[in-house]
Structures are given as C-alpha cells and as structure tokens.
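Chains as they are written, first to last, in the numbering used here: chain U, 1 to 436; chain L, 1 to 345; chain E, 1 to 347.
These aren't lab readings, by the way, just hints derived from the structure by calculation. Hints may be right or wrong, so weigh each one.
Only part of the chain L face toward chain E is listed, based on derived beta-carbon distances under 7 Å [unchecked claim]:
(1) P11
(2) P41
(3) E52
(4) V138
(5) V199
(6) I202
Here are the simulated lysine-lysine pairs, BS3-like style, with alpha carbons at most 27 Å apart [claimed, not checked]:
(7) E:K2 to E:K29
(8) E:K48 to E:K101
(9) E:K29 to L:K27
(10) U:K2 to E:K29
(11) U:K2 to E:K101
The beta-carbon is built from N, C-alpha and C at its ideal position, and this holds for glycine as well.
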Amino acid sequence: MKIAWFTPFSRKSAIGRCSAGIVAELAQFASVDLWHPEASDERATSVPRVRFRRGIDADLRQLSEYDLVVYNFGNHLPFHREIFQVSRRMPGLVVLHDLVMHHFFASYFLEDLKDPQAYVNAMHRLYGERGRETALGIVSGKRPGAWESDEVVEFPFFEDVLDGALGVITHSDYLCQRVSQVFAGPVCKIPLAYEVEALPVLSRGELGIQKDDILIVTVGHLNPNKRLHSVIRALGRLGNRVPKFAYVLLGPYDKGYHEHLVELVHANHLDESVRFVGYVSDEILHSYMRHADICINLRFPAIEGASASAIEEMWHGKAVVVTDTGFYRELPDGAVVKIAPDREEEELSAALRTLLGDRAARERLGATARSFAEKHFHAKRYVQEFLKFAWQVRGSRPVLEFADRMASELRALGVASSMSVAEGIAGEAYNLFFED
Amino acid sequence: MRIAVVNNCVPFLTGGAEHLAQALTTKLIEYGHQAILVRIPFRWEPPAKIVESMLACRLMCLPNVDRMIALKFPAYYVPHHDKILWLLHQFRQAYDLWGTDLQGLPDSTEGQCTRDVIRQADSRYLGEVRKIYTNSRVTSERLKKYNGLDSEVLWPPLLEAEHFSCKSYEDFVFYPSRVNSAKRQWLAVESMRYAHSPVKLILAGKDESPADRRRIETIIAEHGLQERVVWYREFISEELKAELFSRALGALYIPYDEDSYGYVSLESYFSRKPVITCSDSGGTDVVVKDGITGFTVPPEPRAIAGAIDRLYENKQAAESMGSSGCALIHELGITWDRVIEALTR
Amino acid sequence: MKIIVASTTYPFVEGGSTLFVEWLTEALKSRSHVVETLLIPFSPDYRKMLDQMLALRLLDVSEHGDRLIAVRPPSYLLRHPRKVLWFIHHHRTVYDLWGTKYQDIPPTPEGHTYRDAIIHADNIALREAEKIFSNSKVVACRLKRFNQVDARVLYPPIWAPERFRSGGSGDYMLYLSRITDHKRQLLAVEAVRHTRTPVKLVIAGAPDPEAEPYLKQIRLRVQECSLDERVTIIPRWVSDHEKIDLFAGCLAAIYMPFDEDSYGYPSLEAHHSGKAVITSTDSGGTNELIVDGENGLIPEPDPEAIARAMDQLYDDRDLARRMGAAGKERISQLGISWDTALDSLLS
C-alpha cells in the first residue's frame, strides 16, 4: 500500500512525535511518505518526506497516486492549518486527536481568513441558534471566546475536519462515539502510540530537587482545564502530616491563571513546595518525568482524544492521578487513580495523602501502568490496527464515492435531498449493490 | 465520425419524432458517417419517474462515440463531450403547458418541485451543449423564454423526398393527415359546400375518435357532398400517397396553430403542388407564401373554397406556385444536405 | 404478444451478440409478435459500472409488453413482471476470470468492493427473472456456481439456415470468424505446416480493432513457412452470399477458439452446409455441439494433432461427408431451432 502520511513535524508537536514513531514502524509494511508543513525545528525521520509550505503547494496529481492519504488533526492551528487546506482538496483518512477543535477553527476564521461572518455561519450550521448567538457575541466583543472556558465542549467544532473524510481514527472510545454520531463512514479507535524517547537524564540534584522530597509533577500548558486550582487546594488540605513533597509544574501558562494559582499557593502556605518552571526543553522534561514519584494529569471537561502526557507518564511507570472522564475513564482502574470531577478536591486530597504516604502503592500503580502502556500504546500495535482499518477504508471508498456522485448529480439537477424521490433513489441503489 | 442519435422512446409507440430520429440515422449513414440510434425508455408517471429518468440519463455512458445528437427531454441529459441538440421537444408540461389542462404534473408540492427541477436542469445542461438547433421557431422561442438559451432553427426535411414527383394537375385537392379537430379536416369538408369549380377533396387518414368521424360524415351527408369528398379512412401506403400528390391540383393543409409547417406542406412542394393554408395555421407560414407558393386565407369555408377555385381557374399559376414552393424549400434549407451538414459540422 | 428484447451494446463494435439480438427480433416478428428492441449503450469500465447499472435500474419499462427478454449483461437489471433471460455471458472479469491475468479490476480493497457490488446486483436481477436460459452448458454451470441460479440450456440458432447449402467438397478447410488472438487462426496456420496432404486453409473474417498486430503475425508466419500457395487470407467482413459459397465449397470447417462459451455461429453454418467441424479440446462450447468422430474431430490444441485431423478428412472425403450430414442431424437432436427457442422463451 502506498500511503501519504500528513502530520505536523515540528519538535513542539506531540502529534509529530507520535507520527515519527508510527511511520517508522508503518514503513516496514507499506510504502510511506511523510508529508509535513515546513518547520524550522523539524524532527528527523528515515521515512521519505515531502515538505510543503502552503496547502495549495501540495501536488494533487502526486497525491492521487497514493492508495491512501492520511491527515492528522489536532486543535492547534499553526501546526495543522496547511494540512487542513490540503484535506479540502483531496479526500483522505482523518486521524482526529482532539474532540475540541474550536480553537483551531476560531483562529482559522477570525485570524487567518479575517472572516467573522464565516465563523458565525459555521457556528449556526453546526450548533443552531445557540451557536449563532454565541458566535455573534464573541465576534462583537460582548463576551469572551467560547474556547476560553468549559463552555467549549458544547461547541467542539470537530465536525468540519471530517467533511469529505474516507474514514476516521480516534484514540479513545468516547471520541469514537462522538464521531459516529455525525460521520457515516468507517470509524475506529486505536490506542495512541506514544513511546518514551531515549534522552539523557539529569540528576535530581541538577534539577534542584531535594533528596528526600517526593516529587509531584504536572506537565503541559497550564490552564483551568487542567484543574490546577483544585490541585493546589487539595495539597493545602494535607497539612503537615504528610511526607515532604515538591510539586513542579512544567509548561507555559496563561498570565491570569498563573497569577490566580500563585495567590492560591500563598494562601495555602505552599510557597516552599510548589514551583512553576515554565516551558522547558525535552531533556529537562524527560528528566523530571523520570524522577517523578507522582504525576497529576487532570482534565475537565475532556477536550482531547487521548492524553499523550498521561501515556508517557504510564510508560515511565509512574503513579498517575487523572480525572474520571473521556480517555482517562477508559484506562484500567488499577493503572491510574481516577478522581470524580464533582468531588474533585476531596478525592484528590485523599488520593494524594495515600500516595504520598505509601511508596509501595505508588510502585504498584506505576508497574500496572507501565505494563498497560507496553501492551497498548506502542507503534507496533498501532500499525497493525491501522493497516486493518486502512484496508477497510479503502474498501468503503467506492461506496462513499458512488454516494457522493449520486448526491452531486441530483444536486446538479436541482433535486433537494429532502425530496422523497432522492430518498427513493438512494434506497434503490443501496438495495441493489450493498444491502444484505 | 461515429455519431449517436439519442432519443427517448415509449415501448411500442412510434410517432413523428421516432420516424425523424430513424430517418436522421439512416441519412447520416448515407452521407458516409457511422451512426447508431439510441432509444432510451422514458416514463413520466408518477412524477418521481421523471426525475429518475433524468438521473438515469446522467448516469449513462456513450463509449466510442465522437458526436452525440440529442433530440428530446430527457435523452439530452446523457453526458458526452461533443453534444449538439436538434431539439424536437422539451417537457412542455413544465413550461407552457403548466397551468393549463395539459399540465400533466400534479399541482402538489411534488409536482411543483418536479417542474422546478426540470427547468433548472434544462437551463444548466442545455446550456452546456456545443450548439442547439431546434425544429421550429416556436421551439426556439420557448427555449429562449423559459431557459434563456439561444438556438438556431434547423427545419426537419421530408423523410423520403425521392418518392414524390409531379405528373399532372388534376381536379382534386389532397389533404393526407390523421383526422382530428386540430387538423380541421371538418373545415375543409365544409369548404366544399362553397367551391364552384368541379374540384374534389380527397382526405386520407384515420379519425382519432368517433366524434371526429361523425362530424365529417354529418357535414357530407347534410350537404350532399358525397360526390365532392373522398375519404380514405384506412391506412394508405406511401406509394399511393405519393401517387395522389403527383396528380393533385394542390394540397390543403389547414390545422390550427401548429408549431411547424407539417410534412404535408413538404410533400406537396416536393410534388410541385401549391398549398392552401389558413392564417391561423401557425408554422405553415414558413413555406406557404400567399400568392407565391400557395394561398393563405382566413379559416372560413368560403375563403378556403375561393382559394380552391382560384387554383382550378389558373392551373398555370398553380404549377408556378408549386415550383416556387419547391425552390423555397431548398432556399430555406429544409433538406437533408443542410441538416446533415449542420449536425456534423 | 408484445415483446421487449433488451440488450446492451458497445457502440460501433459488432460482436456475436449483435446478430443474436437481431435474429431473435426477426424470429419473433416472423411469428407475428410485436417487438420493441432496446439496445442500451454500456461501457465495460469498472469505475463506471455502478453508475450505469443504477441507470438501468431506474429506467422503467415494467408497464409495457407481455414479456421482456434480456440478453447481454446487465440488461437484465431492467425490471419487468414477466422477465425472461437468455443469458449469453457474464461480466466474466468479476466471475471466472477473477484472479487470472484477464481480470481488469485491480485486486485492491476498492476493486473487491466493485466486484462485490456488481455480483450483488446481478444476483438480485437474476432472481427476478421468471425463467433463465443460457446459450450453453458452460454458461449454465457458471450461473449455478457463481450465482446459485438454475438455467436451462437453449442453444442459439442461426437465422434462415436454409440459405446454406452443400455444394460438393473442395480441398480447403474454412476458418470463418472474426480474426483475433483468442480465435487462434494462427494455430490453424501452424497446423497446415504439419500436414501430410496438400489440404488448403482459407481464413476469412474481419480483424478486431486491436487485432491488426495479430493479423500481421499470421501473414508473417504464412510467409515464413512458404505457405502462400496453401493459405488464403480474406481479412474483411464477408457478405452472406460469399459466406454461403465459401462454406458450400469447403472440405470441412475449422473453428477452434480458446475457451469460448458457445459453439459459435460458424459451427452451425458449417453443419447447415453439410460440413464437419474441426475444433479443439479446449475450445469450450464447441464441445457441446461436436462429438468427436461423429460430426467432427476434436484434436488437442497442438499443431500436429490438428494437422492429423485435417489430413484425415482430406484423405477420407466420405467420412467428411458423413460427418457433415451427422452435423445436420446433431442440430435437430439438440433442438437448435427458432421454434424451440421461441416456444421456450415465451411459454
């Protein structure tokens, strides 16, 4: 099979990191070309690659020679914009990493195209009156962007990347179900392949961690969705009767939220224990993770398809604390600690108290997590399931294309899909060729 | 060139358009092309069938064909890279017949949607063809009015002109055509009441309904026209028809408001006989020029009788008008030479 | 009765089915039926198959005619309450040719989907038929094997067989057929090389559009083997008149295509002219008509074996004549006549 694999390939893209591992394995079974937008900090790969600058630079004739074109989508416009543009011109298999693509489309319409009306129209089309009103409020400045709060899950905006897709891959069951509600073609869930990179490790001392401190770590962009305000409060509740710990938050942050967290830290007397490190290099991040005793990885509401950071933490064999929702809910109970979102602070506090006091418990959890990761979150497995699905998608393609052709011929004749004759014809065709 | 003439058909029904399609195919071969006639079954009731037929045509293929000549709705939807139309018929029920008794489509939402679909699809797909010819000015006018499309009239010639000849100008006028109220044979018969000259009227054609038959027979009986009117009600062969034309004084062709001149006019002129028509006969005015190739009179029995008498009184003039008519046919290009040249350009 | 005869056609390419449909129409008309013949243009391009098949399904003749007789695939998709199939061949690329080098749909997942869809549609349409007839046992077997439907064999006759006559016996074998590689005229030429007797070979028929190279090959071979005096090639369509004369004057006919479904009209034409037919073991449908030693000879597709068969008939004219007569007998025996055909189709 000849495959064109579209992905961001900047070192900053987690999806790019996934893709690197996947295509390396995939290349053993298929002829794969990696297509990625130009990036100054691109990753290395042994797989042949095609770089392109703008969406229209991608040569359609060249692309039509592949048996399958694969598009990886995540919520970050700068990484996925050009890929999105290509996907508009050439149907392919979509790998959807995030449920919420609202940030992507809001930026696309409002900043790239500078077309607020298009944003309003899209919100209307997807989410009806409520969508339209919300969008109008946003573009007229009367209210903040929907993407700035939990409200965003009501307007996830993932539907538009599925338009014209031949099939969809997600990395969790819950996202699979959401996709199936709006997409009629083949959908499948494959556990995300996200392996640990072999990087040099700094010592605890070099990281500035005290020898006996229990290291708690949270990785990633710090924002309210990660529930850090609850974490700080929960830590505050622990008081003095727990072993000494250091809570390190690694990642860039929103100024406002950061200020709020700093206030909370101070109010809870945690200034000695909590450290905001900001954005760090891969090596330093990797080192912290290696030394971490506990990883806190909360999300609410769920907006990703799967969590690369949680998977990485499980690979490292860490005790991981997560929210009982979305992708995390699907992890086995013995592999991670799940916190109910409606009793967040309480359960967090109790869980941390246990984990801080019980090293064996931490180690048991970590071992189960690691074992689970080894079985599920690796490229070999991903590629096997991908190939099976790719075969199925290719087989469905003539059907999808046939349906598209019929629909467009009827449209060209001026027949509305609501006319009963259109339904009749669709039924006729389906019964003739595919029904069993 | 490999040419496909594409037309509709209703199984077991053959009418003028079918004859023309067949004749066109035969002529194309005669003129040295390879040609086939493709006949696509068309069903228009219930209305959903119309849309289904349209889609079916869009999904068909015409492989190994250089040029497609389409004649009717929905056959003209079959896709081809080199398509020209010789438009005989759009689906008039969606156009000028909409809102009349002959609308055909129901007044329901479905009927209206179907009408809109037809108009929209026609405008789109007819707009994409290389060239549109039509068979009459009326067809062209309708196409312009409803679909905004320009077209050129390409007159349908007589199918077998070679059969017709001129032998003599005897004392009868000839009106061969199926008999119904629109063709107005009853008016021709009425006229015989007022014709002074010893000219007879020969009708040839089957009545389409008992009422049509009764009307004519009543006029004949009531006015003692049995000697003046001869009516061949059964089918007459092409040879007999040609024979009668060859000996006639002239032809009578007085239908009400037809789109085109009618084959009778052509047959008459190819036999070099003048044609008497009426001022409200419609398309006959293309070939019947009053005083030059025949007479155009008001649709009244006395006027028609007068025209018949004039022919009798001046046979030389009759001859000369017949010849002028024949010349006019060629001038107007109502010939296969012209048609084949235009369609294979 | 009012009868619709429906078939598909590839414009401007005459195949055996063109005559089949023409003759069926003639035969029906000659028995005073009113016939409407529908020939729907159809492209064999697999990427356009589904669209075209749906088109046939959407066209509606179900309210017309007392019977619909469908011939070439997939004309049988037309719906009709009294549908009868005289099935002459499958769309073989998705059936018995699937998995061979003749498969013209790629063996990809997409290709499989097209194949499955075509077979699915065929199965539906076949089951709507009141009766299914096939033109040979070969085809009937395929229908059973691939579509699980039963078909009765109804051998196709030629039109007006009484036009043919036997006019004595000449010294040439006649291979009258379209010239194309699967008809194997070249094999017949090779056989002449190995003959003992001075038997001649006449090859007559129009080359298929892509068969010009094959024709060149044949001519070259004749030249190379110095067979110019013995092999005559008439590479064009032959008129009925010429055909009748050629058959009348031949010693016997050769008809040995590779793996054909039906026995071929030339076989019948030969027998109606009182001539034996030399075919081959792998020719397919001819083997349902020809019985080795009775109305013809069936050597292996090997030039020497074929040469021996030719020589045998050259040497024994009496045998050739007897076999020719047996051929006529065989035709009656198998019920190959328009009366039988129409009775079966319309009963």
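Comparing the hints with the structure gives:
{"no.": "1", "hint": "P11", "verdict": "holds, 4 Å"}
{"no.": "2", "hint": "P41", "verdict": "holds, 5 Å"}
{"no.": "3", "hint": "E52", "verdict": "holds, 4 Å"}
{"no.": "4", "hint": "V138", "verdict": "violated, 30 Å"}
{"no.": "5", "hint": "V199", "verdict": "violated, 41 Å"}
{"no.": "6", "hint": "I202", "verdict": "violated, 31 Å"}
{"no.": "7", "hint": "E:K2 to E:K29", "verdict": "holds, 10 Å"}
{"no.": "8", "hint": "E:K48 to E:K101", "verdict": "holds, 21 Å"}
{"no.": "9", "hint": "E:K29 to L:K27", "verdict": "holds, 25 Å"}
{"no.": "10", "hint": "U:K2 to E:K29", "verdict": "violated, 57 Å"}
{"no.": "11", "hint": "U:K2 to E:K101", "verdict": "holds, 22 Å"}
The structure fails to meet hints 4, 5, 6 and 10 from the earlier list, while all remaining hints are met.
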